[in-house]
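Under our numbering, the first residue of the sequence shown carries the number 456, and numbering increases by one thereafter.
Everything labelled a hint here was simulated from the structure, so no lab data went into it. Misleading hints may appear alongside valid ones.
Ranges between beta-carbon positions, derived for each pair [unchecked claim]:
id: 1; residue 1: G534; residue 2: E497; range: 20 to 28 Å
id: 2; residue 1: Q506; residue 2: D548; range: 21 to 29 Å
id: 3; residue 1: R531; residue 2: E576; range: 16 to 24 Å
id: 4; residue 1: P469; residue 2: A532; range: 28 to 36 Å
id: 5; residue 1: H509; residue 2: D548; range: 32 to 40 Å
It should be emphasised that the depicted structure is a prediction, and the values quoted were computed from it without experimental measurement. Every residue gets a Cβ at the ideal spot worked out from N, C-alpha and C, and that includes glycine.
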Amino acid sequence: MGLAFLVLRQPEAPISIAVFPFLEGSGHGTDKSPLGIGMVEEMILRLRTSQRLHVIALSSVLAYDASADDPVRAGRALGVDYVLSGRVAANPDAVRLALRLQDTGSGFDIWSSQAEVLPTELITRLPPRP
């Protein structure tokens, strides 16, 4: 996963991140995807295994509507260094993901990626749980 650079950053400084529920579809829709919420829950569980990352709980993130608010602004309100947001579009043959990691201090995009995977590959593509 492209978030590895966060763990390599300044060993003495813990890093905080908020992962927002992925929005539905590939356009400009603002609906949270049930699949996207489930994927975010799984990502949060796996990211929490790193001692260098402080991951905001999903319940705290859900208080902010990333579809209406700028995720960077919501991340600042949550007091985190980075926000991860994205979109998910699913059909029986494939799941398309578009992810974006942003620095809440500068508002700059740090990393972005798009992927298309088979529905059966969704969990197997994530790092293993401890």
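Which of the numbered hints are not met once you compare them with the structure shown?
2, 3, 4
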